[in-house]
Amino acid sequence: MDESDEAAFVHLRLWGIVPDGADEEDLIVSGQLEDEETIAEEDADEMASGEAKPPWTYTNAVKARVLAEIEQESLRRLIRRLIHRHGFSFRRPSRTVLSTVELEQEQAEYARTTGAAIRAAYSRECTFNTDETAVYSADEPGTIIAEKGSKKSAKVRGRSRTSRASVLLTVSAAGRKLPPLIIFCGVRGAQVAEECKRYNSGVRATVQKNAWMDATVWNDEFVEGIWANYISAEHPSGLALYVDSLKCHVSAESRDHLSEWGTEMVPLPKNTTSVLQPLDVRIMGPFKKKMCALSLDYEIQLLALNRNVSLRDRLKLLKNTPAQKQREVLVGRVTKAWSLISDNCVLRAWEKQDCNKSIQLVD
1 MDESDEAAFV HLRLWGIVPD GADEEDLIVS GQLEDEETIA EEDADEMASG
51 EAKPPWTYTN AVKARVLAEI EQESLRRLIR RLIHRHGFSF RRPSRTVLST
101 VELEQEQAEY ARTTGAAIRA AYSRECTFNT DETAVYSADE PGTIIAEKGS
151 KKSAKVRGRS RTSRASVLLT VSAAGRKLPP LIIFCGVRGA QVAEECKRYN
201 SGVRATVQKN AWMDATVWND EFVEGIWANY ISAEHPSGLA LYVDSLKCHV
251 SAESRDHLSE WGTEMVPLPK NTTSVLQPLD VRIMGPFKKK MCALSLDYEI
301 QLLALNRNVS LRDRLKLLKN TPAQKQREVL VGRVTKAWSL ISDNCVLRAW
351 EKQDCNKSIQ LVD
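Position 268 of the sequence shown, counted from 1, bears residue number 268 in UniProt numbering, the numbering being contiguous throughout.
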(Lines of atoms letter the chains of each structure in order from A and count residues from 1; the text may use other names and numbers.)
(Lines give C-alpha, C1' and ligand atoms only; values in the text may rest on other atoms or scores of the structure.)
Protein backbone atom coordinates (compact mmCIF):
# COMPACT_ATOMS: atom_id res chain seq x y z
CA MET A 1 0.00 0.00 0.00
CA ASP A 2 1.29 3.49 -0.91
CA GLU A 3 2.05 6.02 1.85
CA SER A 4 -0.76 8.24 0.55
CA ASP A 5 -3.21 5.34 0.89
CA GLU A 6 -1.99 4.56 4.41
CA ALA A 7 -2.44 8.20 5.44
CA ALA A 8 -5.94 8.18 4.00
CA PHE A 9 -6.85 5.04 5.91
CA VAL A 10 -5.42 6.50 9.16
CA HIS A 11 -7.69 9.50 8.73
CA LEU A 12 -10.67 7.28 7.96
CA ARG A 13 -10.27 4.91 10.91
CA LEU A 14 -12.41 7.39 12.83
CA TRP A 15 -15.08 6.92 10.15
CA GLY A 16 -16.07 3.42 11.29
CA ILE A 17 -19.33 2.25 9.79
CA VAL A 18 -21.76 1.75 12.67
CA PRO A 19 -25.53 1.34 12.83
CA ASP A 20 -27.46 4.51 12.04
CA GLY A 21 -28.34 6.43 15.17
CA ALA A 22 -25.38 5.19 17.21
CA ASP A 23 -23.43 7.86 19.12
CA GLU A 24 -19.92 7.74 17.67
CA GLU A 25 -18.55 10.09 20.34
CA ASP A 26 -19.48 7.47 22.97
CA LEU A 27 -17.84 4.78 20.85
CA ILE A 28 -14.62 6.80 20.70
CA VAL A 29 -14.61 7.26 24.47
CA SER A 30 -15.27 3.56 25.03
CA GLY A 31 -12.41 2.63 22.72
CA GLN A 32 -14.56 0.90 20.10
CA LEU A 33 -13.36 3.50 17.59
CA GLU A 34 -9.88 5.01 17.53
CA ASP A 35 -9.13 8.30 19.21
CA GLU A 36 -8.36 11.47 17.28
CA GLU A 37 -4.70 11.13 18.32
CA THR A 38 -4.30 8.64 15.48
CA ILE A 39 -5.09 11.36 12.98
CA ALA A 40 -2.31 13.56 11.62
CA GLU A 41 -1.61 16.70 13.65
CA GLU A 42 -2.60 19.04 10.87
CA ASP A 43 -5.97 17.34 10.52
CA ALA A 44 -6.55 17.76 14.26
CA ASP A 45 -5.66 21.46 14.01
CA GLU A 46 -8.13 21.91 11.18
CA MET A 47 -10.81 20.17 13.20
CA ALA A 48 -10.12 22.32 16.28
CA SER A 49 -10.28 25.53 14.26
CA GLY A 50 -13.57 24.54 12.73
CA GLU A 51 -12.19 24.44 9.19
CA ALA A 52 -12.81 20.71 8.89
CA LYS A 53 -16.10 18.93 9.37
CA PRO A 54 -16.08 16.60 12.43
CA PRO A 55 -16.09 12.97 11.23
CA TRP A 56 -19.14 12.02 13.31
CA THR A 57 -21.29 14.51 11.39
CA TYR A 58 -20.98 12.51 8.16
CA THR A 59 -23.67 9.96 7.31
CA ASN A 60 -22.82 6.30 6.90
CA ALA A 61 -23.56 6.58 3.16
CA VAL A 62 -20.88 9.26 2.73
CA LYS A 63 -18.36 7.27 4.76
CA ALA A 64 -19.03 4.10 2.79
CA ARG A 65 -18.66 5.94 -0.52
CA VAL A 66 -15.32 7.53 0.46
CA LEU A 67 -13.94 4.24 1.75
CA ALA A 68 -15.06 2.47 -1.43
CA GLU A 69 -13.37 5.06 -3.64
CA ILE A 70 -10.08 4.74 -1.74
CA GLU A 71 -10.25 0.95 -1.90
CA GLN A 72 -10.94 1.09 -5.66
CA GLU A 73 -8.00 3.42 -6.27
CA SER A 74 -5.71 1.18 -4.20
CA LEU A 75 -6.92 -1.83 -6.19
CA ARG A 76 -6.27 -0.03 -9.49
CA ARG A 77 -2.71 0.80 -8.42
CA LEU A 78 -2.12 -2.80 -7.35
CA ILE A 79 -3.43 -4.10 -10.69
CA ARG A 80 -1.20 -1.69 -12.63
CA ARG A 81 1.87 -2.80 -10.68
CA LEU A 82 1.06 -6.49 -11.17
CA ILE A 83 0.45 -6.03 -14.90
CA HIS A 84 3.79 -4.30 -15.48
CA ARG A 85 5.64 -6.70 -13.16
CA HIS A 86 4.55 -9.72 -15.21
CA GLY A 87 5.43 -8.23 -18.60
CA PHE A 88 2.00 -7.04 -19.74
CA SER A 89 0.96 -3.56 -20.83
CA PHE A 90 -2.18 -1.48 -21.23
CA ARG A 91 -3.55 -1.04 -24.75
CA ARG A 92 -6.30 1.14 -26.09
CA PRO A 93 -9.08 -1.04 -27.56
CA SER A 94 -10.16 -0.39 -31.13
CA ARG A 95 -13.07 -1.60 -33.21
CA THR A 96 -12.39 -3.91 -36.13
CA VAL A 97 -14.51 -5.91 -38.55
CA LEU A 98 -11.99 -8.74 -38.82
CA SER A 99 -10.64 -10.89 -36.01
CA THR A 100 -6.92 -11.06 -35.23
CA VAL A 101 -6.64 -14.47 -36.91
CA GLU A 102 -8.39 -13.18 -40.04
CA LEU A 103 -6.12 -10.13 -40.14
CA GLU A 104 -3.02 -12.33 -39.89
CA GLN A 105 -4.30 -14.56 -42.69
CA GLU A 106 -5.09 -11.52 -44.85
CA GLN A 107 -1.64 -10.08 -44.16
CA ALA A 108 0.12 -13.33 -45.10
CA GLU A 109 -1.96 -13.77 -48.26
CA TYR A 110 -1.46 -10.17 -49.35
CA ALA A 111 2.30 -10.39 -48.77
CA ARG A 112 2.46 -13.63 -50.76
CA THR A 113 0.52 -12.28 -53.77
CA THR A 114 0.33 -8.50 -54.21
CA GLY A 115 3.32 -7.74 -51.98
CA ALA A 116 5.53 -10.21 -53.83
CA ALA A 117 4.45 -8.82 -57.21
CA ILE A 118 5.22 -5.23 -56.15
CA ARG A 119 8.63 -6.26 -54.77
CA ALA A 120 9.47 -7.96 -58.04
CA ALA A 121 8.42 -4.98 -60.17
CA TYR A 122 9.61 -2.00 -58.11
CA SER A 123 12.62 -1.18 -55.98
CA ARG A 124 12.29 -0.06 -52.38
CA GLU A 125 13.08 3.53 -53.39
CA CYS A 126 10.08 3.46 -55.74
CA THR A 127 7.52 1.91 -53.36
CA PHE A 128 5.43 4.39 -51.35
CA ASN A 129 2.52 4.59 -48.94
CA THR A 130 0.37 7.64 -48.20
CA ASP A 131 -2.45 8.28 -45.75
CA GLU A 132 -4.20 11.03 -43.76
CA THR A 133 -4.69 11.56 -40.06
CA ALA A 134 -6.35 14.24 -37.94
CA VAL A 135 -4.26 16.78 -36.02
CA TYR A 136 -5.35 19.50 -33.60
CA SER A 137 -4.00 22.98 -32.99
CA ALA A 138 -5.51 23.10 -29.48
CA ASP A 139 -6.81 20.17 -27.46
CA GLU A 140 -9.94 20.78 -25.39
CA PRO A 141 -9.29 19.76 -21.76
CA GLY A 142 -11.37 17.00 -20.25
CA THR A 143 -10.85 18.27 -16.69
CA ILE A 144 -9.98 21.56 -15.01
CA ILE A 145 -8.24 22.62 -11.80
CA ALA A 146 -10.50 24.43 -9.35
CA GLU A 147 -10.02 25.94 -5.91
CA LYS A 148 -10.56 23.52 -3.06
CA GLY A 149 -14.06 23.85 -1.67
CA SER A 150 -15.34 25.79 -4.69
CA LYS A 151 -19.00 25.02 -5.44
CA LYS A 152 -19.04 26.63 -8.86
CA SER A 153 -19.57 24.27 -11.77
CA ALA A 154 -17.09 24.15 -14.64
CA LYS A 155 -18.47 26.11 -17.58
CA VAL A 156 -16.86 27.36 -20.76
CA ARG A 157 -18.26 30.56 -22.19
CA GLY A 158 -18.55 31.13 -25.90
CA ARG A 159 -19.02 28.87 -28.90
CA SER A 160 -16.97 25.78 -29.51
CA ARG A 161 -14.43 26.36 -32.28
CA THR A 162 -13.08 23.34 -34.09
CA SER A 163 -9.29 23.27 -34.23
CA ARG A 164 -9.00 20.09 -36.27
CA ALA A 165 -7.00 19.81 -39.46
CA SER A 166 -5.80 16.84 -41.49
CA VAL A 167 -2.28 15.96 -42.54
CA LEU A 168 -1.33 13.64 -45.40
CA LEU A 169 1.94 11.79 -44.83
CA THR A 170 3.90 9.89 -47.48
CA VAL A 171 6.81 7.48 -46.98
CA SER A 172 8.86 5.13 -49.15
CA ALA A 173 10.01 1.59 -48.36
CA ALA A 174 13.58 2.93 -48.37
CA GLY A 175 12.86 5.37 -45.52
CA ARG A 176 12.23 8.49 -47.64
CA LYS A 177 9.69 11.02 -46.34
CA LEU A 178 7.90 13.44 -48.66
CA PRO A 179 6.69 16.86 -47.44
CA PRO A 180 3.42 16.65 -45.48
CA LEU A 181 0.18 18.09 -46.85
CA ILE A 182 -1.94 19.93 -44.26
CA ILE A 183 -5.65 20.42 -44.96
CA PHE A 184 -7.33 23.25 -43.04
CA CYS A 185 -11.02 24.02 -42.82
CA GLY A 186 -11.84 26.72 -45.36
CA VAL A 187 -13.09 27.62 -48.81
CA ARG A 188 -10.91 27.87 -51.91
CA GLY A 189 -10.17 31.45 -52.88
CA ALA A 190 -10.90 32.79 -49.39
CA GLN A 191 -8.49 34.20 -46.79
CA VAL A 192 -7.31 30.87 -45.37
CA ALA A 193 -6.56 29.53 -48.86
CA GLU A 194 -4.43 32.57 -49.67
CA GLU A 195 -2.68 32.28 -46.32
CA CYS A 196 -1.72 28.65 -47.10
CA LYS A 197 0.31 29.77 -50.12
CA ARG A 198 2.76 31.64 -47.88
CA TYR A 199 4.02 28.63 -45.91
CA ASN A 200 7.56 27.34 -46.36
CA SER A 201 8.61 24.68 -48.86
CA GLY A 202 8.94 22.04 -46.12
CA VAL A 203 5.17 21.64 -46.01
CA ARG A 204 2.22 22.12 -48.36
CA ALA A 205 -1.11 23.46 -47.10
CA THR A 206 -4.58 23.74 -48.61
CA VAL A 207 -8.23 24.05 -47.56
CA GLN A 208 -11.37 21.94 -47.73
CA LYS A 209 -14.77 22.72 -46.23
CA ASN A 210 -14.50 19.88 -43.68
CA ALA A 211 -10.69 19.89 -43.34
CA TRP A 212 -10.57 16.40 -44.85
CA MET A 213 -9.41 14.69 -48.03
CA ASP A 214 -11.60 14.75 -51.12
CA ALA A 215 -11.06 14.16 -54.84
CA THR A 216 -10.12 17.80 -55.55
CA VAL A 217 -7.50 17.99 -52.81
CA TRP A 218 -6.14 14.54 -53.69
CA ASN A 219 -5.72 15.23 -57.40
CA ASP A 220 -4.73 18.91 -57.29
CA GLU A 221 -2.62 19.12 -54.14
CA PHE A 222 -1.14 15.65 -53.81
CA VAL A 223 -0.94 14.03 -57.26
CA GLU A 224 -0.30 17.23 -59.23
CA GLY A 225 1.55 18.88 -56.34
CA ILE A 226 3.69 16.89 -53.90
CA TRP A 227 3.83 13.73 -56.02
CA ALA A 228 4.52 15.55 -59.29
CA ASN A 229 7.25 17.68 -57.67
CA TYR A 230 9.00 14.59 -56.33
CA ILE A 231 8.90 12.81 -59.69
CA SER A 232 10.07 15.91 -61.57
CA ALA A 233 13.03 16.34 -59.22
CA GLU A 234 14.08 12.70 -58.80
CA HIS A 235 13.13 11.23 -62.22
CA PRO A 236 12.38 7.70 -60.94
CA SER A 237 11.75 4.99 -63.53
CA GLY A 238 8.45 3.69 -62.12
CA LEU A 239 6.54 3.99 -58.86
CA ALA A 240 4.05 2.02 -56.79
CA LEU A 241 1.78 3.75 -54.28
CA TYR A 242 -0.07 1.84 -51.56
CA VAL A 243 -3.37 3.54 -50.63
CA ASP A 244 -6.30 2.63 -48.41
CA SER A 245 -9.88 2.18 -49.60
CA LEU A 246 -10.91 5.85 -49.29
CA LYS A 247 -13.06 6.62 -52.33
CA CYS A 248 -10.96 9.50 -53.65
CA HIS A 249 -7.80 7.35 -53.34
CA VAL A 250 -9.03 4.39 -55.38
CA SER A 251 -11.30 6.07 -57.93
CA ALA A 252 -10.75 5.63 -61.65
CA GLU A 253 -9.88 9.34 -61.89
CA SER A 254 -7.18 8.90 -59.27
CA ARG A 255 -5.78 5.83 -61.04
CA ASP A 256 -5.60 7.76 -64.32
CA HIS A 257 -3.91 10.78 -62.72
CA LEU A 258 -1.30 8.58 -61.06
CA SER A 259 -0.64 6.57 -64.21
CA GLU A 260 0.13 9.81 -66.06
CA TRP A 261 3.03 10.20 -63.65
CA GLY A 262 4.22 6.62 -64.14
CA THR A 263 2.70 5.40 -60.87
CA GLU A 264 0.81 2.18 -60.21
CA MET A 265 -1.90 2.56 -57.58
CA VAL A 266 -1.94 -0.40 -55.16
CA PRO A 267 -5.18 -0.42 -53.13
CA LEU A 268 -5.16 -2.20 -49.77
CA PRO A 269 -8.08 -4.50 -48.84
CA LYS A 270 -10.79 -2.93 -46.68
CA ASN A 271 -10.43 -3.14 -42.89
CA THR A 272 -6.79 -4.27 -43.07
CA THR A 273 -4.81 -1.04 -42.82
CA SER A 274 -3.91 -1.78 -39.19
CA VAL A 275 -1.62 -4.59 -40.40
CA LEU A 276 -1.00 -3.80 -44.07
CA GLN A 277 -0.44 -0.03 -44.15
CA PRO A 278 3.05 1.00 -42.93
CA LEU A 279 1.86 4.44 -41.83
CA ASP A 280 -0.81 2.90 -39.59
CA VAL A 281 1.42 0.06 -38.41
CA ARG A 282 4.25 2.04 -36.85
CA ILE A 283 4.45 5.68 -37.97
CA MET A 284 1.21 7.48 -37.10
CA GLY A 285 1.56 6.58 -33.41
CA PRO A 286 5.07 8.06 -32.93
CA PHE A 287 4.10 11.06 -35.08
CA LYS A 288 1.08 11.88 -32.90
CA LYS A 289 3.09 11.42 -29.71
CA LYS A 290 5.64 13.94 -30.99
CA MET A 291 2.82 16.31 -31.93
CA CYS A 292 1.42 16.03 -28.40
CA ALA A 293 4.84 16.65 -26.83
CA LEU A 294 5.46 19.71 -29.03
CA SER A 295 2.00 21.05 -28.20
CA LEU A 296 2.60 20.69 -24.47
CA ASP A 297 6.05 22.29 -24.75
CA TYR A 298 4.60 25.25 -26.67
CA GLU A 299 1.84 25.81 -24.10
CA ILE A 300 4.25 25.60 -21.15
CA GLN A 301 6.61 28.11 -22.77
CA LEU A 302 3.73 30.45 -23.55
CA LEU A 303 2.41 30.29 -19.99
CA ALA A 304 5.92 30.93 -18.63
CA LEU A 305 5.91 34.37 -20.28
CA ASN A 306 4.34 37.46 -18.71
CA ARG A 307 4.52 36.15 -15.16
CA ASN A 308 3.29 39.53 -13.96
CA VAL A 309 -0.09 38.52 -15.41
CA SER A 310 -2.23 36.10 -13.42
CA LEU A 311 -2.30 32.45 -14.47
CA ARG A 312 -6.02 32.76 -15.20
CA ASP A 313 -5.41 35.59 -17.67
CA ARG A 314 -2.53 33.71 -19.31
CA LEU A 315 -4.75 30.66 -19.75
CA LYS A 316 -7.44 32.86 -21.29
CA LEU A 317 -4.90 34.32 -23.73
CA LEU A 318 -3.83 30.80 -24.69
CA LYS A 319 -7.44 29.73 -25.16
CA ASN A 320 -8.25 32.78 -27.28
CA THR A 321 -5.26 32.51 -29.63
CA PRO A 322 -6.32 33.89 -33.04
CA ALA A 323 -7.15 31.25 -35.66
CA GLN A 324 -4.41 32.47 -38.01
CA LYS A 325 -1.81 32.13 -35.26
CA GLN A 326 -3.10 28.64 -34.44
CA ARG A 327 -2.63 27.59 -38.07
CA GLU A 328 0.90 28.98 -38.15
CA VAL A 329 1.80 27.14 -34.96
CA LEU A 330 0.26 23.91 -36.27
CA VAL A 331 2.26 24.12 -39.49
CA GLY A 332 5.49 24.51 -37.53
CA ARG A 333 4.50 21.69 -35.20
CA VAL A 334 3.72 19.28 -38.06
CA THR A 335 6.99 20.16 -39.81
CA LYS A 336 9.00 19.59 -36.63
CA ALA A 337 7.23 16.35 -35.65
CA TRP A 338 7.66 14.93 -39.17
CA SER A 339 11.36 15.78 -39.16
CA LEU A 340 11.73 13.86 -35.87
CA ILE A 341 10.46 10.62 -37.45
CA SER A 342 13.68 8.75 -38.25
CA ASP A 343 14.40 6.79 -41.42
CA ASN A 344 14.80 3.68 -39.29
CA CYS A 345 11.29 4.17 -37.87
CA VAL A 346 9.94 4.21 -41.42
CA LEU A 347 11.94 1.12 -42.39
CA ARG A 348 10.71 -0.81 -39.37
CA ALA A 349 7.12 0.08 -40.25
CA TRP A 350 7.55 -1.45 -43.70
CA GLU A 351 9.22 -4.51 -42.19
CA LYS A 352 6.38 -5.03 -39.73
CA GLN A 353 3.82 -4.51 -42.49
CA ASP A 354 5.24 -7.74 -43.96
CA CYS A 355 4.91 -6.86 -47.65
CA ASN A 356 8.61 -5.99 -47.97
CA LYS A 357 10.46 -8.61 -45.94
CA SER A 358 13.59 -8.12 -48.00
CA ILE A 359 14.21 -4.66 -46.48
CA GLN A 360 17.42 -4.47 -44.43
CA LEU A 361 17.15 -2.28 -41.35
CA VAL A 362 19.78 0.31 -40.54
CA ASP A 363 21.47 0.20 -37.13
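Keep in mind the hints are simulated off the structure, nothing from the lab.
Everything numeric in this text was worked out from a predicted model, so none of it was measured.
Watch out, some of these pointers could steer you wrong.
[As the list claims (entries may be wrong)] Simulated restraints, written as ranges between beta carbons of each label pair:
id, residue 1, residue 2, range
1, HIS235, THR321, 37 to 45 Å
2, SER245, LEU67, 47 to 55 Å
3, GLN324, SER251, 28 to 36 Å
Glycine included, each C-beta is placed from N, C-alpha and C at the ideal position.
Checklist entry - Quick check: which numbered hints come out false for this structure? => result none
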